[in-house]
Amino acid sequence: MTERQAQHDILVKPSHDERARQELCQAMRSHLLGDVQAGTETIFESRVHPAFKKENGRAMKDRHEIRRAMTPDPFYRVFSASLRSTQELMWDSVIDTVEREMPRLQTEYKKLHNQAKGTLTLDPDLDIPRYHAAADIHLQPGGYHTDLAEDDLSAGAIFDRALYIYGDGKFGPYSDAMGHMVSGQVKALYPDFAPKRILDMGCTSGNSTLVYVDAFPEAEVHAIDIGAPCLRYAHARAETLNKTVHFAQANAAETQYEDESFDLIVSHILFHETGRSALTNIMRECHRLLKPGGMMVHLDIPQDRHCEKMYESFLWDWEAYNNNETFAVVLRSLDYEEEAVTAGFVRDDVSIEDVAVGWPLLVGKKAA
Amino acid sequence: MTDGDSISIPRNAKGKRPQYFEDPASDKLHFMIMALVEELSVTRDRLDSVERVLERKGVSSLADVDGFEPTDEEHRQRNERRAAYVARIMKCFADEAAQAARADPAMDFDEVVEAVAE
Numbered sequence: 001m002t003e004r005q006a007q008h009d010i011l012v013k014p015s016h017d018e019r020a021r022q023e024l025c026q027a028m029r030s031h032l033l034g035d036v037q038a039g040t041e042t043i044f045e046s047r048v049h050p051a052f053k054k055e056n057g058r059a060m061k062d063r064h065e066i067r068r069a070m071t072p073d074p075f076y077r078v079f080s081a082s083l084r085s086t087q088e089l090m091w092d093s094v095i096d097t098v099e100r101e102m103p104r105l106q107t108e109y110k111k112l113h114n115q116a117k118g119t120l121t122l123d124p125d126l127d128i129p130r131y132h133a134a135a136d137i138h139l140q141p142g143g144y145h146t147d148l149a150e151d152d153l154s155a156g157a158i159f160d161r162a163l164y165i166y167g168d169g170k171f172g173p174y175s176d177a178m179g180h181m182v183s184g185q186v187k188a189l190y191p192d193f194a195p196k197r198i199l200d201m202g203c204t205s206g207n208s209t210l211v212y213v214d215a216f217p218e219a220e221v222h223a224i225d226i227g228a229p230c231l232r233y234a235h236a237r238a239e240t241l242n243k244t245v246h247f248a249q250a251n252a253a254e255t256q257y258e259d260e261s262f263d264l265i266v267s268h269i270l271f272h273e274t275g276r277s278a279l280t281n282i283m284r285e286c287h288r289l290l291k292p293g294g295m296m297v298h299l300d301i302p303q304d305r306h307c308e309k310m311y312e313s314f315l316w317d318w319e320a321y322n323n324n325e326t327f328a329v330v331l332r333s334l335d336y337e338e339e340a341v342t343a344g345f346v347r348d349d350v351s352i353e354d355v356a357v358g359w360p361l362l363v364g365k366k367a368a
Numbered sequence: 001m002t003d004g005d006s007i008s009i010p011r012n013a014k015g016k017r018p019q020y021f022e023d024p025a026s027d028k029l030h031f032m033i034m035a036l037v038e039e040l041s042v043t044r045d046r047l048d049s050v051e052r053v054l055e056r057k058g059v060s061s062l063a064d065v066d067g068f069e070p071t072d073e074e075h076r077q078r079n080e081r082r083a084a085y086v087a088r089i090m091k092c093f094a095d096e097a098a099q100a101a102r103a104d105p106a107m108d109f110d111e112v113v114e115a116v117a118e
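First to last, the sequence lines map onto chains D and V.
Using this note's numbering, the first residue of the first sequence is number 1, and each one after it goes up by one.
Using this note's numbering, the first residue of the second sequence is number 1, and each one after it goes up by one.
Treat the hints as calculated values from the structure; they're not laboratory data.
Just so it is clear, the structure is predicted and the values come from calculations on it, not from any experiment.
Think of the CB as a built atom: it goes at the ideal place given N, C-alpha and C, for glycine as much as any other residue.
Take these hints with a grain of salt, some might be off.
As a list, the in silico BS3-like pairs of lysine-lysine whose alpha-carbon atoms are at most 30 Å apart [claimed, not checked]:
#1 K91(V) with K170(D)
#2 K61(D) with K57(V)
#3 K117(D) with K187(D)
#4 K91(V) with K13(D)
#5 K13(D) with K170(D)
#6 K57(V) with K13(D)
To be clear about the criterion: a stretch of chain D counts as covered by chain V if any three or more of its residues have a C-beta under 8 Å from a C-beta of chain V, and this derived list gives those stretches [said to hold, decoys possible]:
#7 3-16
#8 73-81
#9 101-111
#10 146-158
#11 223-235
#12 320-326
Produce the entire structure from the sequences given, and follow the hints as far as they go.
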């Protein structure tokens with residue numbers, strides 16, 4: 001039994017029926033990703049793979065062959081269509097709440113902003129990268145970046161509520177489990193490391209960001225995102241939860257910060273929502289921004305090489321093909337260490353740590 | 001944005017939707033089923049809330065609802081309403097059967113257009 005979502009002034013409060021819809025989406029996802037997804041593997045082993053072997057005289061060689069064979073299978077089709085529809089229904093049900101709650105949120109936002117200890121710096125001229133503008137990632141209408149009104153914070157408000165539903169509460173009552181994973185691993189690997197300035201890249205509603213305020217109380221915590229409505233929300237959320245963070249609108253591949261201005265740079269499932277050239281540029285930017293001896297630590301979804309079974313790796317691609325997390329397909333086969341070396345890190349100072357059931361953590365230490 | 005302003009948020013995500021079934025109409029029918037599943041759950045939750053509110057206020061208990069025995073007249077009314085409900089949902093079968101049973105088979109649409117144009 002997961003904990004309920006932690007309540008605070010800037011979180012939307014669903015009405016009775018809105019909540020019923022949202023919790024149904026949560027239950028539906030849980031069932032589809034549990035029994036039904038497990039069933040797709042049974043179907044694969046019992047009929048799809050045997051048919052392929054019979055026709056081709058060999059076993060399948062990679063996850064892409066599995067996908068091509070599974071896509072037309074009736075069991076898998078209904079599974080995929082159901083998961084896709086649930087995702088669409090989830091956003092719709094949350095948007096109902098956010099639209100209804102927006103006047104209250106605006107009032108709260110202004111109050112929190114006026115008495116803020118942290119800061120919010122927006123850049124209205126920032127170019128929204130193609131990987132965000134081309135398609136709305138994980139089907140959130142308008143993505144992270146669409147400003148619908150002055151001081152709009154709807155994208156962040158939608159994301160924070162939907163993230164909890166999407167994760168079926170498994171990211172914790174504050175949806176910050178990834179921040180705990182990363183900061184916990186940093187402390188375990190480097191118990192004497194005491195960063196003074198920390199940067200969280202691609203913070204969205206700032207859930208994981210806030211973990212660093214408590215994990216490193218001596219540090220000044222900064223966070224960036226490309227989406228203004230997410231940053232306004234994250235800023236208000238941090239303030240109402242009494243955490244001091246400096247939020248800024250920036251592209252992680254090209255920020256406004258000075259050289260060597262951070263001791264620790266982190267990201268939580270940022271990579272797969274970017275693009276091929278952006279990934280290289282983000283790592284270069286990390287190298288530029290880190291002080292000598294500083295560290296970058298990036299968490300993302302399991303890569304192909306981290307999956308014990310080819311079928312499991314195929315399942316991790318579902319979101320790419322059905323939920324607009326397009327870059328994941330390429331990313332899951334890339335050599336992170338090589339990318340980091342290209343960006344300027346020394347090979348021996350780069351490692352992949354396994355933080356939880358195959359979720360890789362790229363750790364890169366800048367030469368002192 | 002000033003205090004109290006409402007906002008209209010887009011409901012459609014950018015990006016082409018995969019087609020899961022041979023006939024795109026099936027994708028739509030499937031989505032409709034999923035949405036109905038959702039709405040039925042909303043109704044069930046709402047009923048659950050009503051029952052619990054009544055219990056908390058001491059009006060009736062959950063056991064009263066679970067142990068509810070309709071009178072003969074209530075039972076008859078309920079059966080009638082349920083039968084009408086089923087018939088309404090299954091009307092497409094009734095329509096097709098009624099067409100098939102006609103002594104004078106229905107004309108094609110184009111034939112009707114021609115007939116009424118005369």
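Status of each hint after checking the structure:
A C-alpha spacing of about 44 Å is found between K91(V) and K170(D), which places the hinted pair above 30 Å, so the restraint is violated. Distance hint between K61(D) and K57(V) is unfulfilled; the C-alpha atoms sit about 64 Å from each other, more than 30 Å. With a CA separation close to 27 Å, the supplied pair K117(D) and K187(D) stays within the 30 Å bound. For the suggested pair K91(V) and K13(D), the alpha carbons sit about 40 Å apart, so the restraint of at most 30 Å is broken.
Our distance criterion of 30 Å between C-alpha atoms is met by K13(D) and K170(D), whose separation comes to about 20 Å. About 24 Å separates the Cα atoms of K57(V) and K13(D), which keeps this hinted pair within 30 Å; it holds. For the region 3-16 of chain D, the proposed coverage by chain V is not satisfied: 1 residues have a C-beta within less than 8 Å of a C-beta in that chain, short of the threshold of three. Counting residues of the region 73-81 of chain D whose CB lies closer than 8 Å to any CB of chain V gives 4, so the stated coverage by that chain holds, three being the minimum.
Counting residues of the region 101-111 of chain D whose beta carbon lies closer than 8 Å to any beta carbon of chain V gives 5, which meets the minimum of three for the stated coverage. For the region 146-158 of chain D, the stated coverage by chain V is satisfied: 8 residues place a CB nearer than 8 Å to a CB of that chain, which reaches the threshold of 3. Requiring three or more residues with a Cβ within less than 8 Å of a Cβ of chain V, the coverage given for the region 223-235 of chain D is violated, as only 0 such residues are present. Proximity of the region 320-326 of chain D to chain V, defined as three or more residues with a beta carbon under 8 Å from a beta carbon of that chain, is established by the 3 residues found.
Of the numbered hints stated above, those contradicted by the structure are hints 1, 2, 4, 7 and 11, listed in ascending order.
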